[in-house]
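A.B. asks: Sequence:
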Amino acid sequence: MEDTSSQKSGQSKDMLGSLMPEETPASFVCVKLEEYEPADFSTKELILQKAREICTCNHQTITTFFCQLFPVLDWLPRYNVKTQLLGDVISGLLVGIVAIPQSISYSLLANQEPIYGIYTNFFSNIIYVAMATSRHNFMGSFGVLCLMVGQSVNRHLQLAGYSDGSAGSWLVGNATSSTNVTGTCDRSCYAITVALSLSFLVGLYQILLGVLQLGFVAVYLSEPLLSGFVTGSSLTIITSQMKYLLGLKIPRHEGVGSFILTWVDLFRYIQNTNICDLVTSLVALAIIVPVKEINGRYKEKMKAPFPVELLVVIVATVVSYCFNFEVRYKSAVCGHIPTGFRKPTLPDITLFSSLAVDALPIAVIGFAMTVSLAEIFGKKHGYAVRANQEMIAIGMCNLIPSFFYCFASSAALTKTLLKESTGTQTQVSGLVTSLVLLLVLLWIAPLFYSLQTSILGVVTIVNLRGGLKKFHDIPHMWQLSKLDTMVWWTTMLSSTLITTEIGLLVGVCFALLCFIFRTQRPRATLLGKVSNTEIYEDQSTYKQLSSVANIKIFRFESCLYYANKDYFKTVLYQKTGVNPVLLAAEHQKTKKKAVKSPADACPPSPDMHTLILDCGAMQFIDTVGLSVLKEIHHDYKEIGIQVLLANCNPSIRHRLREGGWAGETASGGQLAFHSIHDAVQFAEWWYHVQQEESKEKNDALRDPEEMNFEASL
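Numbering follows this note's numbering, in which position 582 of the sequence shown is assigned residue number 582; successive positions increment by one, without gaps.
Hints were generated in silico from the structure; no laboratory data involved. Wrong hints could be hidden among the right ones.
[As the list claims (entries may be wrong)] With a straight-line cut-off of 25 Å between C-alpha atoms, the simulated SDA-like cross-links for lysine to any residue are:
(1) Lys637 x Glu684
(2) Lys301 x Phe377
(3) Lys380 x Leu76
(4) Lys299 x Phe471
(5) Lys565 x Gly659
(6) Lys529 x Val548
(7) Lys380 x Leu480
(8) Lys380 x Leu86
(9) Lys482 x Leu435
(10) Lys695 x Ser605
(11) Lys543 x Arg523
(12) Lys575 x Gln642
(13) Lys569 x Val548
(14) Lys470 x Leu493
(15) Lys592 x Glu658
(16) Lys482 x Val436
(17) Lys380 x Lys469
(18) Lys379 x Thr83
(19) Lys301 x Ser421
(20) Lys543 x Pro522
(21) Lys301 x Lys569
(22) Lys299 x Leu493
(23) Lys565 x Ser627
(24) Lys343 x Leu435
(25) Lys697 x Gly616
(26) Lys575 x Phe515
(27) Lys637 x His609
(28) Lys299 x Lys469
(29) Lys470 x Val308
(30) Lys482 x Ser372
(31) Lys469 x Pro305
(32) Lys292 x Pro305
(33) Lys630 x Thr576
(34) Lys469 x Asn295
(35) Lys591 x Pro606
(36) Lys292 x Gly87
Work out the full structure: start from the sequences and follow the hints.
C.D. replies: This is the structure:
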């Protein structure tokens, strides 16, 4: 409790308790807390101050600005060649080797030519090196984003009048020229036009969010939600790649139910399976999967993982070329992949209106995956990651490359894990990876002409097995949190069975509903005392707790606000066994009976004299919550029960004081306490005082002769 000594000038007191210091029993500890004087907040002054800081131009501010925008200017001058270069070079080479087949295979997923996947990984890596605060992220094509890009591209191809074509029709050698609304632009040309326009919008969104310091939006994408989304997207991606493994020529379905429709078509046309593609796929799977498992199991003992994907791609290309699979067995192959770079181009502004909605979930998912990976490895290796700077960095990795025929990118999970496990020290490894890709762009790319698309499908599917492993974590997740498991299943199923974008939206909405449910119907318990201590705990959870005589201690494990006010009162009455409204009505009936028949009047009496509300779990109360507390205090007071509060944080005590909860007492304080034990001690002392006062009052009303007679006895 707090005493009521005078307030100092310019300061306000946080008054707890209703006793004067001289009235306080010896067992109480009097606490006097004085609040700091609130700062004189002026929006105009704050804006002017920020404007002056921004407009101040000197050498120091310019240097600081560029170092924050380009972190490479900060860490590169301190780069230690002797201790860091070797690890960066080895890691960069290994990641570059793995990135070659994945760049080509993810182009297939994004409905683009193979060369554009290599462009995307090359340009985004160079930009990310200069602007990233993460030392371990690999920026490039990511399966989930490629799927979302491919869905948007395919939808716009259909709207523009292009036929679906067959497997491989998106390739340069097999591009389907047509006379349609786009004039001279063939199917492949229009596909990359849509993709780079989409990438421009994604980058623009991410940069705006970073500049406006809105990186907090990622907090709405919880770990179970992201995990469910990735798993659902992985199932969708695997489904979309099955036609390449079987060598089937079926249309690519989009929209609601595309997952089911694709499997229906797979079984409908299964008799048309290309045996050459099927055998090649099975052989590749039989080689890649076991080796990848060995790499994962013994990654701590191996200096570097075995590049099985690149080896399989090289061998498959050579075998396909030597035996002429394209002509002899009608296998779909990559076709001609040009070398060098194309002239920069501008995004198609006319597509912005139709791509604006598609770009938003891609921007959010790309940012969420990038920051999540950055923070994981930042904590592991002991360096800070700036979320808003990462937002700007990946925004630039999407906006600038969009002028160079690149589609949307983000931190790639598998390649980032590989990069960290192979000993990378800084983002110099990203430059090494870009050099490897540059060699492919300038000289090596045409050698992949005979590479079967079925091998690319295998590479894509194998790299998504991590998302499918999440099913093994479901039982453990269910034990930890049933609501989180429901969020995972809801997001996974909606992303799979509906669409990825709608699935993400459904997951976010369901997660928010779960949060509301948690706060609307939180856990509420009665507390008991641990013997010979000042500790009070949940009676329904722990044994050997003793109840305090005639005192009920109620804990509500959530904020008290408009959505749970009715539940708060209901569970309070249920746990304490005392409904003050009904009991007050019983008292009124008893009074009426006392007038007619005094002998039958026996008012009901509750088994408590004090109710203590433990507010330790309440972060805040709104105006409705304050009204509920005032209502409860009034109702219980009507039946002779006092209500005390304990463990209130400063903001709640301020709200109570300003809102006049329980009114001002004779001493100027309020019935709120810093701890439950203080409240219990006060309640026991108060009850003792009330009993003494009641006894004295009764004695004063008794007949003096009767009192003398009792004294003589």
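A.B. asks: Any of the earlier hints contradicted here, and which numbers?
C.D. replies: 9, 15, 16, 21, 22 and 25
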